[in-house]
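Student: Sequence:
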Amino acid sequence: ALEATFLAHGLPQELIMLPHVESSFNYQAYSKLGAAGMWQFTRSTGRLYLTVNYDVDDRLDPIRSTEAAAKLLKHNYDVLGSWPLAITAYNHGPNGMKRAKALHGDNFNRIYNEYRSRSFGFASKNFYAEFLAALEVATSHQKYFGVVNFHAPADFVTFENQSYLTVNTLLESFDMDLREFREFNPALRPPVLNSQRRIPRGYPIRLPKKPGVDMY
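Each residue of the sequence shown is one higher than the one before, counting from 23 in the working numbering.
Check before you lean on any hint, since a few could be wrong.
In the DSSO-like style, the derived pairs of lysine-lysine whose C-alpha atoms are separated by at most 30 Å in a straight line are [claimed, not checked]:
id, residue 1, residue 2
1, K54, K93
2, K54, K147
3, K93, K147
4, K165, K231
5, K147, K120
6, K147, K96
7, K120, K93
8, K231, K93
9, K120, K54
10, K165, K147
11, K120, K96
None of these hints come from the bench; they were simulated from the model.
Kindly generate the complete structure, drawing on both the sequences and the hints.
Tutor: Below is the structure:
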């Protein structure tokens with residue numbers, strides 16, 4: 023899914039390794055600064071591309087957050103014209119990298135060695151190098167780890183509910199437990215998962231593909 027999303031946006035496929043640096047591909051990750059999900063969107067940046075409210079936090083959805091990350095990375099590249107700068111801007115912000123580029127051009131080595139900013143600290147300066155290291159290990163995993171057995175992708179169906187449903191109603195209808203439902207719909211917040219609030223109308227619900235579900 024990541025490859026298809028980035029291909030659709032005309033982005034280099036290598037960029038799908040960026041979550042190795044951000045979250046180790048943990049879609050439930052939270053940082054101490056409030057960033058969330060596999061792509062570690064803050065609330066303010068996340069709301070540019072995703073739904074983040076009391077019922078839904080799409081930052082925790084690996085599919086929708088990947089779509090958002092592709093849009094953000096494309097925006098960074100369109101603004102900065104260089105992938106080292108665009109990738110660094112994912113951590114430091116595009117405005118900060120625009121200032122760095124205005125002072126030192128688009129030579130990342132010069133920016134790394136000469137750009138001075140209180141917010142351009144260790145994490146931002148080394149973000150691109152960390153990405154390159156993660157890319158090397160991920161694409162040469164057999165060299166570092168030997169044979170790796172990857173998990174098979176989960177098969178699911180998606181439908182948009184045309185009414186306001188509770189999670190309990192769905193669980194009863196499809197003989198499913200809450201843990202399984204949450205794995206396929208990680209963006210739904212606790213009040214919705216606990217059926218204290220209803221699933222928003224039109225929200226795309228995912229269910230595991232199995233008899234009785236795939237023909238819904």
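Student: For every hint, state whether the structure bears it out.
Tutor: Hints, one by one, checked against the model:
1. The straight-line distance between the Cα atoms of K54 and K93 is roughly 25 Å, inside the 30 Å bound, and the hint therefore holds.
2. Our distance criterion of 30 Å between C-alpha atoms is met by K54 and K147, whose separation comes to about 20 Å.
3. The suggested pairing of K93 with K147 holds, with an alpha-carbon distance near 23 Å, which does not exceed 30 Å.
4. As the CA atoms of K165 and K231 are separated by approximately 36 Å, the hinted pair breaks the 30 Å bound.
5. With a C-alpha separation of about 14 Å, the suggested pair K147 and K120 falls inside the 30 Å cut-off, and the hint holds.
6. Proposed proximity of K147 and K96 is supported: the alpha carbons are some 20 Å apart, at most 30 Å.
7. This hinted pair checks out: K120 and K93 have alpha carbons roughly 18 Å apart, not beyond 30 Å.
8. Distance restraint check for K231 and K93: the Cα-Cα separation of roughly 29 Å lies within the 30 Å cut-off, and the hinted pair is therefore satisfied.
9. For the hint pairing K120 with K54, the CA-to-CA distance comes to about 26 Å; that is within 30 Å, so the pair holds.
10. Among the hinted pairs, K165 with K147 is consistent with the structure: their alpha-carbon atoms are about 28 Å apart, no more than 30 Å.
11. Restraint check for K120 and K96: satisfied, since their Cα atoms lie roughly 15 Å apart, inside the 30 Å limit.
The structure is inconsistent with hint 4 alone, although it conforms to all the rest.
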